[in-house]
Every structure is written in C-alpha cells, then in structure tokens.
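Below, each chain spelled out in residue letters.
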Amino acid sequence: MIRKATVSAIALIATLASATADDATQIQWWHGMGGKNQEVINEISKRFNAAQSACALTPVSKGTYEEALASGIAAFRSGEQPNILQVFDAGAATIMNAPGATIPAEDLIKNAGYDFDREAFINGVRYFYADADGKFVGMPFNSSAPIMYTNTEAFEKAGVAPPETWEEFEEIAPKLKEAGYIPMTASQLTWMFFENFFSRNNIQMATNGNGYDSVEGTEINATDPNLVMMFEKLKEWHDEGLFGFYGAGWSDNQAPFEQNKVAMWIGSSGSFGGLQQTAEMPFSATFLPYWDGIEGAGTNSFIGGAALYAMAGHDEAQDKCTADFFQFLTSPDVQVFWHEETGYVPITNAAYEQAKAEGWYEQKPVAEVGIQQLSLPGGEWSKGYRLGFYPQIRSVEEREFNRIFSGETSVQDAFETIKEEGDALLARFAKTSG
Amino acid sequence: MAEISDTSVIGGRFRRKPRAAAAPAEPAKRVQFDRPLLPWVFLAPQLLVVAIFFYWPSVQAVTSSFYIEDPFGFGATFVGLENYADALTSSEYHRVARFTAIFTVAVTALSLGLGLLLAVKADAVIRGASSYKTLLIAVYAIAPPVAGLIGMMFFDMHIGPFVTAASWVGWDMQVGIDYFDTAFAMIAVAVWKQIPYNFIFFLSGLQSVPVPVREAAVIDCRSGWRRFRTVTLPLLAPTAFFLLIINITYALFDTFGIIDVMLKDKPANNPVTLVYKVYNDGFRGNDIGGSSAQSVILMAVVFALTLVQFRFLEKRIHYS
Amino acid sequence: MHRTRPLDHAILILGALFLMLPVIIAFTTSTHTAAEIHSGGLTLVPGNNFAETYGTVLTQKGGFTGQVTGARMLMNSMILGLGFALGKIAFSMLAAYGLVYFRSRYATLLFWIIFTTLLLPLEVRIVPSFQVMADLGLINTYPGLIVPLLASATGTFYFRQFFKSVPDELLEAARIDGAGPVKFFFDILVPLSRTMIAAMFIIMFVYGWNQYLWPMLMTTDEGMFTLMRGIKSILQVWVGSQIPEYNQAFALAVLAMVPPVAVVVIFQRWFIKGLTESDK
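Protein chains in written order, with the numbering used here: chain A, 888 to 1321; chain B, 106 to 425; chain C, 13 to 292.
Wrong hints could be hidden among the right ones.
[Claimed, not checked] In the EDC-like style, the derived pairs of lysine to aspartate or glutamate whose C-alpha atoms are separated by at most 16 Å in a straight line are:
| no. | chain 1 | residue 1 | chain 2 | residue 2 |
| --- | --- | --- | --- | --- |
| 1 | B | Lys134 | C | Asp180 |
| 2 | A | Lys1148 | A | Glu1065 |
| 3 | B | Lys134 | C | Glu181 |
| 4 | B | Lys134 | C | Asp20 |
| 5 | A | Lys1306 | B | Glu197 |
| 6 | A | Lys1122 | A | Asp1300 |
| 7 | A | Lys1243 | A | Glu1255 |
| 8 | A | Lys1306 | A | Asp1111 |
Worth flagging that the hints you see were computed from the coordinates, not collected in a lab. Every value quoted in this text rests on a predicted model; they were computed, and no experiment measured them.
Build out the structure end to end from the sequences listed, making use of the hints.
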C-alpha cells in the first residue's frame, strides 16, 4: 500500500515535471510490450523524468517484439530511429551483426563518464547480449527464464513431488493423470524445448561457438540425437495423455493450467504476475527439468526476454541522456521495482540482494525461481547463441513442432527439415553483411 | 481554369468516334472530348499519388529482390535471381501458394454465391425486406482485425462456441493445430466478412433491372430458375465481373488482417496466404530481399490473372 | 408480382443470423466482467457491467502521455476515415473522368498504370513505403496516415464503371448547350453522381477507418493512435502471457464497429441507390 502511494505521488510529480520540461533533451524509447508491462515501463520512464530535468524520455509501444524490431529497422533506414530500441532474444543477432546501427551499451555509458562494471550483472545475462570479447552491446532489460509452474493441489492429490528431471517426470506423470489432471503443458516450445534444451543439457546448439565466432558457415545442430529423443518422448507423452499441446499460441497452453486442469505448465518467469491473478488454485514453481541421463546436464538456462539497444545517429546530448537512462535503469531501486511488478528477473547482483533483503522472496518464493535457475552453474553451451534470421528459424521450428503433434510428420523428419531450412537461412544471413 | 471553362471556345471541340478507330483499344465512350492536355490535369492528382506511393516503393521492392540485404541497410550482396529461385523451389512456398489458390477460390466462390443467393431472396420478398437488408448489410462495416478477433473467440479451443458445436457432431476441432480446421475457420471468417459486400452490389444490380423487363420475364419464363439464368444473370454480368475482381483482390490481400489476428502471431503449421508470407518474411523476419522477390512473383501472377479476366470476360459484358 | 415463399424467408433469416449473431454476442459479452468471460466464455445473455466497461474504455487515460483515451482514438479514426474517403472520392472521380471522357491514345495505358495498384497491397511494400514517408517528413502526421492509402485503384475503378454507364446523350446535349469539359464535369456529372458519391463515401470511409498496419507503423506519437491500434495492443496482451481484459477488448471492438456500421445503416438507401445507378 505504501509503495502504491509513493508510486502515484511520484507519478504526479512526474506529470507536473514533464509538463514544464520543454527545453529538456527529448529521447524516445520504442518497445514491444503491452498491458501491465507497458504500464510499468511508463512508470519507470516517468520516474526517470522526475529524477532529473536535463532529459525527457518518451516510451512508445510499437506492437509486438517482432513489430518493434521491424519498425526500428524501417525507421533506421529512413533516419527516423529512436534513441533506444528494445530487441528480443531471437532478434539479437540481427541487430548485433549490424555494428553501425547501435552504439554498444558499454561504450555509450563509458563515454558519458560513468564506470561500467560487467561483474555487477548476474551470471546469466553477462554473455547473451555481449560481443565475443564480452563487451556489452545490448543493455539487458527484461530478462526471464523458462520455468515450470506446478499446481499444488494436483501434486497433493496425486501424492507426488514436482520433478527435477525428465526421468522423474516419467515416473510421476501417470499418477497425476490418474488424479484427473493433464500432467503437463508448455507454451512456446521453441524457447522451452529447443533453445533451452541445449542450455539446460549443455549441448552445442550451433557450430562456430553457437554462432558467436562467425556468421560464415554456421550450422544449426537441430538433428542432435538427444534433442530428437526429447521430442520423441514429448510425442509419446502426448499420445499417452501425459502432455497436452494446444498449438503455437502462448495463452492457449497457459489457460488450462490457470483453470486447474493441468498439473505442470512450462512458462516464463515473467508469467508470474499474471498467474497470480488468473490461476484458480495455489501454485508454485521449479526449474525447467533436464535429462539426468545426459552427461553434464543441469546447467543454467539462456536468458530470455529482451535487451535495450542505443541506436546510432543521434547527437551527443541525446546519447548522454540515453546513457543516463541506462544508469538509472540498472540502479537497484528501479530493478527491484521492475522485478517485483512484472516478474522479470533483476539483472544486477545488487538488485537481487536488495530484493532478498526486503524479504520479497519470503513473501513470494516463486519469484526467485527464475533468477535461481539463471544463476545455476554455467556450462560451455549455456551462455547464449547468436544466430541470424533466428526469428524465421523459430517460425520453421514452430511449424514443424505443430506438425509433429498433429501427426503430419515424424520427429526425425521434422528435425531434418528444421536443420535444412535453418541452415539455408543462416547461409542467407551470412550474405547480408555483403 | 478560366480559359478552359470558356464554353464558347470549347463548344465545338467534340468529336464522334470514327467508325474504324485508329486507337488500339476501344474508347470508353462513343463521344469524347478531344483535348490532349486536359485529361492529364484531371489525372494528375491520382497519378502523382500512385507514382510516389506505389511505383516508387514498388521499384525499390523490385531492386531489393536481386539482393540479399542487411536489414539495417549496411551491406548487400547482389545475388541475381537467387531470391526468386529460393522462393520458387521451396516446398514451403509451394504449400503456401497452393493454399492461397484454394483459399481464394473458396472465399470468392462462397461469398459471391451466398451474397447472390441472399440478394435474390431479399429482392423477392416484400414483407420485412428493409429489415433484412439492414441486418445483412451491417456486418460490411466490420474491420478485418475485428472480424479476426471475433472469429478467434468463436473458434477458441477453450471457450469457443463453434468448437463446442463441432464436438456435438463428433468433430474434434483444433483451430491453431490442425491444418484443415484452421483453414476452415479462416475461410468461414473471411466469407462471413465479405458476404454483405457482395449482397449490397448484387441487390442494387437486381433492383436496377427495369420493371417492364421483369414483368416480361415473368410472362416468358414460368420457371424461376430459368428466369434467373436467362434474364437476371446476364443483366447482373457487369456487377458480377466487377465483384469477381474485387473479391479476388479481397481474398488475396484484404484478408490479411483476419489471418494475422487469427494466427495469434504464430503461423506455425497453419495455413497462410502468400501476402501473409511476404509480410512475415520481410517485415517480421527482416529478410528484405527474399520477401521482395516473393512480392514481385505475386504481383506478376495477379497481373496475369487480371489481364485474363479483362481480355476474356469484360468483352462479353455489355454496359448499359 | 412475386409470391412470397416461406423458404425465401428461411434463407434470409438464416443468413441474417449467420451474419449478425457473432456481432450481437460480441456486444453481450462485452457487458460482462473480464473474470466472468475468462471462466464462462462467450455468452448471449447481457451482463450488468456495461456502463463500467464502456466508461473505462472511453475515458481511461492510457499510454505514457495520457493522451490515449478511447475518445481520442475515436477522433483519430474519424479523421482517418473522413480524410481518406473525401480524398479518395475527389482523386478518383477526377481520374476516372479523365480516363472515360477524353480521347487519348494513352487512355488504356493510363488505366493500367492506375489499375496495377490493385495488385500489390500496402502490406507487402510497407518498408519502402515507410522510407518514402520518412523522406517526405510525413511521419506522425495526418497526411502521412491518409495520402499513401489513396494510391489504390478501387475508387477510380468504381467511377470508371459508373461513367461508362452514363448515357452518351448527356454529353451530346451538353455539347449543344456549349458546355466545356470542366463545366460538364461540375455542373452535370458531379450532381448526377451524387448517390454514387454517397455509396463511395461509405465504402471508403469504412476502408479508411479499418486500417491498422499502416497507422501502427506510421505513428509514434500517442496522440495519433487510432482505435484499430488500440485493439491491436489489447490483442497483443491477449496472445502474450498476460491477463487479457476480454471485456475491454470486446468493448473496443464494438466501439470500432459502431461508427462504420452506423454510417452504413443510416445511408443504406443511398448506398443501394447509388450503386443501382452505376449498373443500369
């Protein structure tokens, strides 16, 4: 309650301040978020504008992640780009392979006279948006992890504990089914069972060091036997009624969990805020399972979500403002506010510590699962991936996954198609740099 | 302007069409003004807008189709016809093209057919005619995304009433997973949205048939179906021709909003049309060269199609 | 003249139900609370949340600047619809006149130049179009929203059809009276096209009103957002992982439907009459 009051007081001041700050340097931030997340983004921007008078930030929603990136690209080509563009995980290669389009976040912040400490960021985000030398190109912003939400009632009824590994899942799933539940559903299989299958089980996702070393000749490891095995299993579970699949739409797979029909749902750590309001039963969460049988498995997951990029081509005063905002954004107070309001993980160690100290996780243990999973020991292949045209490769994956579950294709054929089309897209992307 | 509207000067400048026209095409009118410059004045605004906002971007699209380009415009590799070859040899592209053809035929045929049926019936009844008209026309105004939104809700696998209804007859409808079911839902929504449009045009076509013609027809042909075929249909021909073109363009292009919303951002294995694929690859997938090549192919096909229609159909139609 | 048969009525009633039922259900559903819809699904029974939902949608200040109210979006949609309809009618009438009433060796070529625009919709040339708009400095302006949409042949096509069906005797009579092309156009053809113009107005208003992809790309200023964009952003919440405000989505959908439906229903007599004259 107290926080709410403070927030609205700040908002009021912010409104008054922005009304008078006409001579402030104007900067724009384009993002791809809607609903509650957008409100929190607006709130953060208001706080930034209230905290200083030299810069005035305006956030603009440009639709979905894909639409935000496409709008940013179209704008850049016309010289109308915003100062800050939010780009989602799958689009990272697109923007990072166009070095002239952005100013690396680290350079921007240092040029503005601030210190930049890579170590201040939590493990899981340090590599994903950085170049091969570890320099931060993107500014991590809304970061999330794929975690498994568990229906407390269902597990009590079946008398079992949530699984840590897929082997355990196979043991308990029939009991959950007997108890009258669909044992598991998952949203966005591409993120849960493709990208993060590689990270959680520490398997190489693509040649050239998961694409970090070079764009030339990068190939995707889509026919990895373990990956194929995972989907053979999923298909088997699906046919036995142990895994429910409702298409590629995110909410179609989330809804039955909310309605207490499903025992486990794999979603985003960022789904927590929404679930609190829509789930009809008590729930908890645990890590995304891995295969105990795979050697070296159980590593941390890739960071998901999106990062902010400072677009090139603006004057010094504006770049300074962008740097100021990045500084503001990574301050523990703002990070904790963002984390607690949206369910995205805090990206700095200081913010994580502060949230702990405030007792947030005692109140909401589920909120800590995402960051704990990201802080697990890393493996060689759990740091990140950098693949061009990856949004399109994801579309191919989605298409083939749907075909697997509708029985149009076999698992092996599906992954051969993904590899073939994925490699062709990667080869095309290599040509874009001309 | 004053000079042009000086009637005494212009009065004599009419010209009857010579019997053997030198012009390659049939002039639109038997009588026309013969002023070489004036039509350009009238056409100028439209031509200007078309040049700037259609041809300029289109030329850029054609140019891009020969390159593989960095989305941000930093680098580009000239690849000749590779983008075209890639599209035309891809099995996915064939699949999409096949669906587009089926979708276009189904949507055009169903919405023209149902629109015509309802128009004929609405023209026939007297009692309640205006209420029917109002009810049948109202949906015309609905935006494609709104139609998509409503369709999405009705075919929602968790709360959709149509899905429930389908389960009564043993149809386990899975829109979003099952290719056929999704195609069915898309066609249903696209047809639903287009019926009123065709209804309006057919109805006005029917109502413009002069009363004496109708009366004569009733006397000549006792059978309603024969009367419809021999009298009504030929009179509706210009309307039907016009609607055919409009409906094909609708099915190919304007259904974009419906499809976009109904797919909920994830095309996956669901049926999509060529326009959606161009948009998805180019705008959302950032592959400018590939999607430009696709749009050039699309344009060529539609152009050929339209040319055929004008050549073979419009000639058989008598205006006025 | 005709004997009314029950079958005719049955077909019409079925047709009307098929077309109208989804709209009615969208409305009744919008009068429930989001939670009710979430658990109960769509319903034909009206709820008692009408005033609250619509009040919220129309007046709630959304967005960062607080300019994005339903009323504001309504106004922008109205400007887009009206501006597009009027611009389209003016441009295409002039163009069709130039094509039909003048003897020109280029007439066929010009017709095809304009007609080709039907072949490639804005969606597939959206990125280059955006660049053109940016070069012209028209981003975030009403002309920027409206003018590129005018580059399409539909209106010219309609008016061409209509002019072709106007009796030649009119022009001959005008010639005898000594009327020139401009006078003929404004004094005879425009009044004659009155109902056709009304029909075109309806068609084009609806078309402009219903645009969504272009306005989304073109506007970054929240004060310029249209209703379709509002619906799109609610949809995004829906398909994303957040809680959908089903009731507000449907209320916005209903609001987005009301003005064009009203235009169509109110002007339907003109509408049919206008098209009737064209197809004589």
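Hints the structure violates: just list their numbers, smallest first.
The structure conflicts with hint 4 only, although it agrees with all the remaining ones.
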